[in-house]
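Protein chains in written order, with the working numbering: chain G, 1 to 244; chain H, 1 to 292; chain D, 1 to 291.
Honestly, the hints are just simulated from the structure, not real lab data.
One thing to keep in mind: the hints can contain errors.
[Stated by the list, open to error] Quick list of in silico lysine to any residue cross-link-like pairs, SDA-like style, CA-CA up to 20 Å:
#	chain 1	residue 1	chain 2	residue 2
1	H	291	G	29
2	G	136	H	84
3	G	234	G	205
4	D	261	H	55
5	D	92	G	88
6	H	291	G	52
7	G	71	H	87
8	G	71	H	109
9	D	92	G	207
10	G	234	G	207
11	D	261	H	124
12	H	289	G	234
13	H	124	H	55
14	G	5	G	29
15	D	261	H	115
16	D	92	H	171
17	H	289	D	34
18	G	5	G	52
19	D	267	H	124
20	H	291	D	87
21	D	267	H	116
22	H	289	G	142
23	G	221	G	43
24	H	291	G	140
25	H	291	D	86
26	H	289	G	92
27	H	291	G	144
28	D	34	D	174
Here is how the chains run, residue by residue.
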Amino acid sequence: MSTIKTENITKQFEGVHALDGVSLEIPRGRVTGIVGPNGSGKTTLVNVLSGIVRQDAGVLHIGGKEVSILKPQQVNAHGITRTFQEVRLFEQMTVLDNILVVVTERAVAASLFRRRQERCDREARQALETVGLWEKRSSPAAALSYGQRKLLEIARVLAMREAEVYLFDEPFAGLFPAMVDVVVKVMQGLKQEGKSVVLIEHSMDLIRQLCDTVIVMDEGKLLAQGTPETVFAKPEVIAIYVGK
Amino acid sequence: MQELIYYFTHLAIIIGIYAILALGLNLVVGYTGLLSVMHAAFYGVGAYATALLMTQLGFNFFIATGLSVVIAIVLSFAIGLVLSRFDGDYYALGSLGFGVILYSVFLSWRGVTRGALGIPQIPKPELFGFEFSQITVFLLLVVVLAAGVYLCSRFVTRSSFGRVLMAIREDERAIQVFGYNTLYFKLTVFVIGAGIAAIAGALFASYITYINPSSFTAMESIYLLSIIILGGLASLRGSVLGAVFLVVLFEGLRHIGLSSDMAAHMREALYGVILVALMLYRPQGLVGKYKL
Amino acid sequence: MSDVVMQLVVNSITAGALYAIIAIGFTLSYGVGKFFNLAHGVMTAIGAYAVFYLTKGLQIEAWLAVFIAIIFTGAVGWLLERYIYAPLRARKASTMVLLVASLGAFTALQGVLSILFSSQVQTLTQGSAVQQVVAFAGATITEIQIITIITAIATLLGFVVLLRYTLFGKSVRAVSDDEEVSKIVGINTTRVIGVVFFLAAATAGLAGILVGFDTAIEPTMGMALLLKGVIAAIVGGIGNIYGAVLGALLLGFVENFGIWKIAGEWKDAIAFALLIAFLLFRPHGILNKKS
Numbered sequence: 001m002s003t004i005k006t007e008n009i010t011k012q013f014e015g016v017h018a019l020d021g022v023s024l025e026i027p028r029g030r031v032t033g034i035v036g037p038n039g040s041g042k043t044t045l046v047n048v049l050s051g052i053v054r055q056d057a058g059v060l061h062i063g064g065k066e067v068s069i070l071k072p073q074q075v076n077a078h079g080i081t082r083t084f085q086e087v088r089l090f091e092q093m094t095v096l097d098n099i100l101v102v103v104t105e106r107a108v109a110a111s112l113f114r115r116r117q118e119r120c121d122r123e124a125r126q127a128l129e130t131v132g133l134w135e136k137r138s139s140p141a142a143a144l145s146y147g148q149r150k151l152l153e154i155a156r157v158l159a160m161r162e163a164e165v166y167l168f169d170e171p172f173a174g175l176f177p178a179m180v181d182v183v184v185k186v187m188q189g190l191k192q193e194g195k196s197v198v199l200i201e202h203s204m205d206l207i208r209q210l211c212d213t214v215i216v217m218d219e220g221k222l223l224a225q226g227t228p229e230t231v232f233a234k235p236e237v238i239a240i241y242v243g244k
Numbered sequence: 001m002q003e004l005i006y007y008f009t010h011l012a013i014i015i016g017i018y019a020i021l022a023l024g025l026n027l028v029v030g031y032t033g034l035l036s037v038m039h040a041a042f043y044g045v046g047a048y049a050t051a052l053l054m055t056q057l058g059f060n061f062f063i064a065t066g067l068s069v070v071i072a073i074v075l076s077f078a079i080g081l082v083l084s085r086f087d088g089d090y091y092a093l094g095s096l097g098f099g100v101i102l103y104s105v106f107l108s109w110r111g112v113t114r115g116a117l118g119i120p121q122i123p124k125p126e127l128f129g130f131e132f133s134q135i136t137v138f139l140l141l142v143v144v145l146a147a148g149v150y151l152c153s154r155f156v157t158r159s160s161f162g163r164v165l166m167a168i169r170e171d172e173r174a175i176q177v178f179g180y181n182t183l184y185f186k187l188t189v190f191v192i193g194a195g196i197a198a199i200a201g202a203l204f205a206s207y208i209t210y211i212n213p214s215s216f217t218a219m220e221s222i223y224l225l226s227i228i229i230l231g232g233l234a235s236l237r238g239s240v241l242g243a244v245f246l247v248v249l250f251e252g253l254r255h256i257g258l259s260s261d262m263a264a265h266m267r268e269a270l271y272g273v274i275l276v277a278l279m280l281y282r283p284q285g286l287v288g289k290y291k292l
Numbered sequence: 001m002s003d004v005v006m007q008l009v010v011n012s013i014t015a016g017a018l019y020a021i022i023a024i025g026f027t028l029s030y031g032v033g034k035f036f037n038l039a040h041g042v043m044t045a046i047g048a049y050a051v052f053y054l055t056k057g058l059q060i061e062a063w064l065a066v067f068i069a070i071i072f073t074g075a076v077g078w079l080l081e082r083y084i085y086a087p088l089r090a091r092k093a094s095t096m097v098l099l100v101a102s103l104g105a106f107t108a109l110q111g112v113l114s115i116l117f118s119s120q121v122q123t124l125t126q127g128s129a130v131q132q133v134v135a136f137a138g139a140t141i142t143e144i145q146i147i148t149i150i151t152a153i154a155t156l157l158g159f160v161v162l163l164r165y166t167l168f169g170k171s172v173r174a175v176s177d178d179e180e181v182s183k184i185v186g187i188n189t190t191r192v193i194g195v196v197f198f199l200a201a202a203t204a205g206l207a208g209i210l211v212g213f214d215t216a217i218e219p220t221m222g223m224a225l226l227l228k229g230v231i232a233a234i235v236g237g238i239g240n241i242y243g244a245v246l247g248a249l250l251l252g253f254v255e256n257f258g259i260w261k262i263a264g265e266w267k268d269a270i271a272f273a274l275l276i277a278f279l280l281f282r283p284h285g286i287l288n289k290k291s
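So here's chain G without its partners, still in its complex pose (with noise of 0.2 Å):
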C-alpha cells in the first residue's frame, strides 16, 4: 500500500533534465529517505510532490487519487506538508504566529469570524514544545539562530496535525548534534502515529538509522528503491558515491 506513486515524471529547466522519468512509490506508514549527489533531483522532485513545481509530464497519486496538475494549497487538502531546504518562515512574524498561522482555518470567511482560539493555542503550544522553542514564542522568526530556524520549520509541519505525508528537505543541515536528536525523535514520531515520512539527507548513518526505505537518484533518474542494506550495497549505488 503506496500514499504516493508517480509514473514517469519529467521535468527539465532550460534544458537540463532536472526529473527524468522517474516511477516510484513512497509506502504508508515508514520513513523513506532519498539519497543521491547534489544536482540529483532530488529538491525537484519534493517540489513536485508539494505542487510548487509543475511536472513537464507524468502522473502522480496521492492516496489513490490522482493529483497530477494541483496547485500548491490543493496538494496541501491532501494531507501533504513539507519543509524548504533554505528555511522558509515568516520572518517578521512572532515564533508563536508562525506555527498559528498554519493551524487556523483555511477558508477566508472562517478565519475572519470563527475562533478556535484554544485549540489552536494548545496545538501550537504542544509543537513548540516538541522542538522545544516554547520560551522563544514572542520573538520574531527573524531573530533566531540558524538551528532554531530550522527546528521552527519543523515545529510547523508538525502542528499540521491533519497531514498525512511529512516532506523534509534536507531537516539535518547544519544542525547541532542535540538538535539532531530532537528532529530523530520528531519523525519517529510520526512514524508511530502512521505517518509517512520523507526526509532528503546525505547523512549514511541517519538514513541506516531512520529509514525503512531509501530512493537512490542520480542525474534526474531512479537509481535504485529498496531497504537500506540491499540498496547501499547495490555496485551502482557505491559507483556514484565512491566514483564522484
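Starting from the structure of chain G, add chains H and D where the hints point.
Only chains H and D this time, still in chain G's reference frame:
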C-alpha cells in the same frame, strides 16, 4: 473664539477622513504587503457615486454611501482579480495604472461626472429629518464612522485572517504550501480596503459639497501611501498618526505665513525628504511593526 | 494613405522618440540597480528648469545652457545613486524600499522645483516665436520634433556603441548580469552604477528640455513622462534598450491612433491599458521570452 472652534472642527473632520483612508490602505499595504498605488481612485469612486446618487437621484446620504461602498467593492473585486496576478514592484505599477485609468474616467466621462467642472451642491447627510449641516454634528458623524472603521480593521487584523495576510506578505509561496488559497485572501482584503476608501469619499463629498477629479489623482494615492509609511506599516495607530501629521504639517506651514500654494509645495518637498529618510533610517515608520 | 493617417503616423513617431529617450535611461538604470527608479521622471523637469533658469535668468546662450543643464541633471542622478540608493543596496534593502525611496526623491525634487519656480507653466522658447513647420508627405512636423527624433536615434546609437564596444560597456553588462560576481572579478561596481545613473539622468534631462522647447514646462511634468518611459521599458522588456525603443514606438502609435476616434484625455488611460495588457499576457516584454 467661534472661528477658532470652527477651524479646529474643520481640521478634525479632514483628519478623520484621512485616517479612514489610511486605515483601509494599511490593511492592503502594511498587513498584506501589496503596494497599492490606487487608493485615491477608490476614494474618488466613493465620492462620485455618493455625489451622483444624492444630486441626480435624490438618495439619502446613508443609502448613497452604502451603495457607493457596494460599487467600490464590485469594482475593486474585478481590478483585484487582475492585480493579484502581479507581485512586488509590478503590483505597484499595475495598480498605479488602474488609478490613472479611473482618474481618466472621472475626468473624461463628462456625461456623468461633468469632467473637470465637477459636481457642485452635494447635500449634507440627513437622518429621520435631522440634518448634519452643523459642522460639529458632521464631526460627530466622521468620528463615529472613523471609530467604526478602526474597530473593523482591528477585528480583521486580530483574526486568523489577519495572521494569514501577514504570512502572505512574508512569503506567499510558503503559506500556499500550508493549504491557503492566497488569491481569496488578497482579494478580500483589497475589497475591504476599497470599501473603506469609499466611505471616506462619501464623507468628503458631502462635507465639501463640491468634488472634481483633482482630489483623486495618482499623486493623492502617493500621499496616502506616504501617510501610512510615515505613521507605520501594519499599525492601525500609525495610520491615524500619519493622517494627523499630514494635515497638521500642512496647516502649520500655512500658519508660518506661507500661501496655500507655497505650503502645498513645501509639504510636497518635506514629504519626499521624509520618505527618503524613513527608507534610509527607519523603514518601519514612526510606530510601525513591519519593514518593507 | 489619407493625410489624417499620415499625420497620426508622424505624431506617433515623435511621441515614440521622446518616450524612447526616457525609456532607454530607465531601463539601463534598472539593469544595473535592479529596481524601478521613479526619480528618473523628475530629471526631465530638472533639465528643463535648468535651461529655463540659465537662459531666462542668467541670459546664457541656448546651446550652452542646454549643455550645462544636461551635465547638471546627470549630476543630480549620480548624487541620488551615491547617497540614497547605494547605501540602501549595501544593506540589502528590498526593491520595494528602493522604489519608495526613489518615489520620495521624486516628490522632494518636484516640490523643490515648485518652490523655486512656482507651479506656473513656462516656456523655453524666446518670446512668441512661431516654430518652424516642415510639410512632409501630407503631414506637418515641427523643427523641434525632427530634433527629437534625431536625438532619440543618437541616444540609442550612443548607448549601443558604449555598451557594445567599450570596456565600460562590458562592465555595465557584467554588473547587469550579476553585481556580486562583477565585484569579485574586480569591477568597481559602485562607480559603474554611478556612471549609468549619471547617463540615465542626463538623457532624461535632455528629454525634458526637448519637451520644453516643443510645448511648455511645469514642475509636475515629470510624472506623465516617467510613466510613459516606464510603460515603454516594460512593454519592450525591462533591461533591454532595443526593447525600450520598440516599446516606446508601440506606445506612441497605440496612444495616437487610440485617440483618433475618442477624446484626447484618454491618452494616459490607453497607455496604462497597454501596460496592464502586457503585464498580463506578455510580462517579459516584446523581446524577452525567458520566464
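Taking the hints in turn, this is what the structure says about them:
1. 291/H <-> 29/G: violated (43 Å)
2. 136/G <-> 84/H: Status violated; Cα separation ~34 Å.
3. 234/G <-> 205/G: holds (17 Å)
4. 261/D <-> 55/H: With a Cα-Cα distance of about 31 Å, the restraint between residue 261/D and residue 55/H is violated, given a limit of 20 Å.
5. 92/D <-> 88/G: Judged against 20 Å, a Cα distance of about 18 Å means the pair holds.
6. 291/H <-> 52/G: Since the Cα atoms of residue 291/H and residue 52/G sit roughly 27 Å apart, the hinted pair is violated (cutoff 20 Å).
7. 71/G <-> 87/H: holds (18 Å)
8. 71/G <-> 109/H: This hinted pair is violated, its Cα atoms lying about 41 Å apart.
9. 92/D <-> 207/G: violated (38 Å)
10. 234/G <-> 207/G: holds (16 Å)
11. 261/D <-> 124/H: Distance ~40 Å between residue 261/D and residue 124/H Cα, so the pair is violated.
12. 289/H <-> 234/G: violated (56 Å)
13. 124/H <-> 55/H: holds (11 Å)
14. 5/G <-> 29/G: Cα-Cα ~14 Å, so holds.
15. 261/D <-> 115/H: Roughly 19 Å separates the two Cα atoms, so the pair holds.
16. 92/D <-> 171/H: holds (17 Å)
17. 289/H <-> 34/D: violated (26 Å)
18. 5/G <-> 52/G: Holds: residue 5/G and residue 52/G sit about 17 Å apart, inside 20 Å.
19. 267/D <-> 124/H: Given pair residue 267/D, residue 124/H is violated - Cα atoms ~36 Å apart, limit 20 Å.
20. 291/H <-> 87/D: Holds - the C-alpha atoms of residue 87/D and residue 291/H are around 17 Å apart, at most 20 Å.
21. 267/D <-> 116/H: Since the Cα atoms of residue 267/D and residue 116/H sit roughly 16 Å apart, the hinted pair holds (cutoff 20 Å).
22. 289/H <-> 142/G: Measuring from Cα to Cα gives roughly 13 Å; hence the hint holds.
23. 221/G <-> 43/G: holds (13 Å)
24. 291/H <-> 140/G: Cα-Cα ~13 Å, so holds.
25. 291/H <-> 86/D: Roughly 19 Å between the alpha carbons, so the hint for residue 291/H and residue 86/D holds.
26. 289/H <-> 92/G: holds (8 Å)
27. 291/H <-> 144/G: holds (18 Å)
28. 34/D <-> 174/D: holds (13 Å)
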